[in-house]
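Starting from the structure of chain U, add chains L and Z with the ligands where the hints point.
Protein chains in written order, with this note's numbering: chain U, 66 to 226; chain L, 272 to 1004; chain Z, 11 to 459.
Check before you lean on any hint, since a few could be wrong.
As the list claims (entries may be wrong) - Once the Cα atoms are required to be at most 30 Å apart in a straight line, the calculated DSSO-like pairs of lysine-lysine come out as:
(1) K999(L) <-> K179(Z)
(2) K990(L) <-> K454(Z)
(3) K858(L) <-> K953(L)
(4) K521(L) <-> K179(Z)
(5) K953(L) <-> K156(U)
(6) K889(L) <-> K179(Z)
(7) K858(L) <-> K225(U)
(8) K286(Z) <-> K187(U)
Hints were generated in silico from the structure; no laboratory data involved.
These numbers come from a predicted model, not from an experiment.
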Amino acid sequence: MASQTGVLMATTFLLNGQSTTLDVDPNMPLLWAIREVARLHGTKFGCGMAMCGACTVHVDGQAVRSCVLSLSSVANRQVTTIEGLKSKQAKAVQAAWIDLQVPQCGYCQSGQIMSATALLEKNGAPTDADIDSAMSGNICRCATYPRIRAAIHAAASSAKA
Amino acid sequence: MSNSQISPSRPARREFLKGAGAAVTTLTIGFEWPGAARPALAHAAAAPTSAPFAPNAFVRIGSDNSITIISKHIEMGQGAYTGIATVLAEELDADWTQVRVESAPADATRYANLAFGKIQGTGGSSAIANSWPQLRDAGAKARAMLLSAASGEWHVPVAELTVDKSVIHHAPSKRQASFGSLVKRAAMLPVPDTVQLKDPKDFKLIGQRPARVDVAAKCDGSALFTIDVELPGMLVALLKRAPLFGATVKSFDGAAAANVPGVVKVVQVPRGIAVVAKSFWAAKLGRDALTVEWDDSKAEKRSSAAMMEEYRRLADQPALPARKQGDAKKAIGEAVRKVSASFEFPYLAHAPMEPLDAVVKLDAKSCEIWAGDQFQTIDQLNAAQTAGLTPAQVSIHTLYAGGSFGRRANTVSDYIVEAVSIAKAYGADGTPIKLQWTREDDIRGGLYRPMYFHKLEAGLNAQNELTGWHHVIVGQSIMAGTIFAAGMKDGIDSTSVEGAANIAYAIPNIAVDLSTTKAGVSVLWWRVVGSSHTTFAVETFIDEVAHAAGADPFTFRRKLLEHEPRMKGVLELAADKAGWTSGPMPKGKGRGIAVCEAFKSFVAQVAEVSVDDAGSIKVDRVVCAIDCGTAVNPDIIKAQMEGGIGFGLGAALYGAITLKDGRIEQGNFNDYRVLRMNEAPKIEVHIVPSTEKPTGVGEPGVAPIGPAVANAVFAATGKRVHVFPFSKSDIRS
Amino acid sequence: MNAMPPRKSHPVLWVLAVIALIAITVAGYYALSPKPTDFAGGKRVALTAYAQADPTGVPAELKAASIVTRGEYLTRAADCAACHTAQDGTPFAGGRAFVLPFGTIFSTNITPDVETGIGSYSDLNFLNTVHKGIGRSGARLYPAMPYASYTYMTDADALAIKAYLFTLKPEHAPTPANTLTFPFNRRGLMSLWSAFFNPDKRFRPNSGRSPEWNRGAYLAEAMEHCGECHTPRNLAFALDNRHKFAGAVQAGWRAYNITPDHASGVGAWTDADLAKYLSAGHADGRGTASGPMGEAVDESLSHLTPSDIGALVAYVRTVPSIAAADLPAPRLDPAPMLSADTTAESRGKSMYEGACAGCHGWTGVSPVIPLATLTGTRGVNDATANNVAQVIIGGGQRHYHRDSDNMPPFGSTYSDAEIASVANYVTARFGSKGSNLTAAEVAKLRSQN
Ligand code: FES
Ligand code: FES
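Okay, chain U solo, but in the shape it has when bound (with noise of 0.2 Å):
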């Protein structure tokens, strides 16, 4: 691991809406960046290796694992967290989870909703298909699925109309 030098190096991004920069390790993978030094905990730690969606994040606009994206690769780009979710989509999906009460221990749920809006920003009828493209990264150890699933495509008509 040479790079990881651990040396500090200033980043700056815009960091739901807010330009931040982040005085750290660049190579810290973002997940960290926004947890430990942006103090934002919305954002959950499942696996560190992309493999089960809790830390989704968005990238301009697209869902991304924060947990493998070093911090300095999103210097100068838009990153929003769950904290920061503010599009007509976002709002759609947070009240149809509500509504069809998706959550149980809740721990994977700010990584799904990250995913689930970006899918419906991108398309905004999406089939079960393109659900499970969009959503089968993200693990929910609950096993809430069939919810997850539902409330897309409550969402996406809600969010039509």
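Positioned in the frame of chain U, the structure of chains L and Z with the ligands alone reads:
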């Protein structure tokens, strides 16, 4: 963030009020039952098991009409907060929109799980079942006192008063008053000894679908989990543990780790070497830089394959009888047709979504713990022992847990004890330290669902009636060597045989034997515990017997359950809703059924699967029927069935923890595979209407899915699976 | 062609004669096959006669260093560690298994342990081993040890390596017994092999070429032994330099065509691409080194000086261009976003969406880790999907970047059929020509590593 409102742990009333005041900003006056509080506590201390406790332990009402219900059970996804609040709010006639839930402090004198006796903790799908009478009584008494407060204020008979959504009405005088406005007066009144509970037909919340109290915060990222706890000056620790179970540190070199920017200290603790740092990332880099030499002399070095071979041999040796009815050997010996099969079940990890974590603030006189704590009383004891304090000096703030499935309820309190030992080694100077496990730590951290070998034999007579049943189970005991060992009778660990020894089918001759093994791998209950393997074996094998008898698996089971109305009820409901009799399915598809009793609930499931020519299984649809007595919150019950099915299905298809020369071969979700969205079936849940006492729902849904799928795979391919997970068997038709 | 045998003569003799004749011709053809640098033509002269510079030894910045430091650099350049270190074993203690068609052989312990290592080797023993493939006991080594390449190494460099190895902590590590079948278990045969295929000559610079080229040649042939993987072998397991660097399959991995052919080789790569790939194991838009090449970068190439990397590039550029029919020009444009996905393989797709898309993205251009970009890489543009499947099975555990950048292995929980289908999905979606790998082939690939 209701859950972030943390109550102090000491029961003294003043403290309780302070804590409450500090916690619930909207609360101006704490409202307790002075009359009963102290006597009740004294009484509780004398004989803590005898319920009920003083109701003050469960509800506070503010002059602002806020209703704070204190949950003695952790919310880890199963819906306990909502269920508990529903039961109390029902009898209180509370306005649901004013209800918030707060986690109880660790205090067994007030908050013991009545199903566990003296212990405060959550498990065995007992949260609602054990709280049911206790909370109804607490709610009803609170209501009664508010009513008498109103009648006192208005000088009208209680009989003329009605309550609706936290408002008391006196129709004749058209007067009304909110709960909040009566708090002061009610607080002066004595607690009634007895109250009339509602007639179920008058229930307004129970049986309805009040929104979960935790859902909103779980949809905007504000719900507080242990990993989110931040305290002034807090440090983060990662622990390097031995790669082999039972190995210990021989020597280590922490120099490189100490040089990683952000690393504060490297300390040795009983379970390994901990790197304490300013951030997770620094601690992680520090731990990667550690070099540790381990002493493997006492470590478990076997491979799971070799252990399974030994289990297979043991299955033919004499074992302890867990059930003996009639003479199974003889019956099978005389049988016209014999059926036999053996099953292999692997170790399983719980892999809760939130890797284990705990925050500990330790000094010379106190130990304060923040955790998704499932076993408060036991964790208090273990933490005290590790810290060299008394249990009373250990306080626990129970936070939301990102799943558990049994993992956090362990008698050695592994993750709590680790955190305390690190805080101690660090200097016990009051610095808050958060121990964070990684996923690899979790998958390789032990306390697995034990590995088991099952051997079954059955005999059919000339009329194709099942006359003899012999079931041998080989595997480690979960209870042996723990504080629960006392619960073992004649060497039989009930968690090894539940679901098998109490098999409900009407068979004249039954023998169930248990051979308990020992291994260096630590084991623990895993969602639905014994039935996670016994139901699998029993329900797959009974299907094989039905096939041998030339009978339909559903009708064959129903016939054997004539005397078991509730079991038969769910079996018929599931079969009916799934269209069991709608004839055979197209090629490559199959239907399978399974039924069980677990945690006093009855569940049947019908699975429909497709198997492609490469032998990969897709479960298309699952129909589930459950009878769990009174359905407190049908939607949460439905959610628990959906979740249980997904959890059990993932394990049945892919789940396996294996050892090679003592090393765990899995580490993360790439090799410990779990169910994903695109593998999740359509699920229909049907709840049997009932007025019986509510019983467990968190676990029972897990048990039948594996065998239902196995039986469906047989229907689709003609192949029987006997080695699990399915991915280990070739089922190409 | 000799005269027809007399009619009376015994038919068997006749047959034997023909076989012998063919054998000799074939052997001769192989034996006469060009030596590694013959393609360059020109005149090869003695080191002393090449006045411009000494292409051997260490780069300028190390010339003054101690023999041990120089030896360490050369040991890296010769990549001894990769083969002489077992999975998670002590470096240089040997024991790594090589699964060959005719059995398994194990690398030896080259720490200075007297009993089980090379502790008792004299300089002559060491030179014989490295140059001739003759161990201290006189036993012949199998050419899995690339002595036919190391033979070009100067005595000075070989002895510097020995000097370095002798500074290592002696490890008592007996080499496991090889499991070769007859006749390959006859080490004696190897003397015959060597007679034919080991030139046993030291490196001779090409007087018509630049010092940089000659340095590159020395590094590539005598040290890094690139050809041992990238050059196909003949029936006698010797390198076939008529197809130098045209690509071959080694240890279950495909060592690709590194000739300047534009479509199937590295002709389209810039010098910077090649240099970055060799020194960092990754070049944007070209791919990431995995498997044996990943190890070569880890253990060897990433430790070379920029000047030496430059020399390697300069040299590789000059080998004759050879087109490999089954390696189409890589597709360089990202795949369309998912909505436009027309790829069939639905099961492979479901694997991909669950386990792969998080890092590799839907267009093949990784949204998170440059190392994970699939677009343009040779692996996904290889219609056999050989290396794609290998990476899925074993992952990519490299040392030279963040461990969270490493690809995790999926072999243990995903079935052969699943791995085949996801590999086929990946080549079809991101490559220029879809593969149709079968479960059986995946099973075979598993057995090879
Ligand atoms: S924590 Fe990032 S995908 Fe699991
Ligand atoms: S809700 Fe618990 S992991 Fe998804």
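Hint check:
1. K999(L) <-> K179(Z): violated (43 Å)
2. K990(L) <-> K454(Z): holds (25 Å)
3. K858(L) <-> K953(L): holds (20 Å)
4. K521(L) <-> K179(Z): holds (20 Å)
5. K953(L) <-> K156(U): holds (26 Å)
6. K889(L) <-> K179(Z): Violated, because 54 Å separates the two Cα atoms, which is more than 30 Å.
7. K858(L) <-> K225(U): Roughly 40 Å separates the two Cα atoms, so the pair is violated.
8. K286(Z) <-> K187(U): With Cα atoms ~36 Å apart, K286(Z) and K187(U) exceed 30 Å; violated.
Hints 1, 6, 7 and 8 from the list above are not met by this structure, while the remaining hints are.
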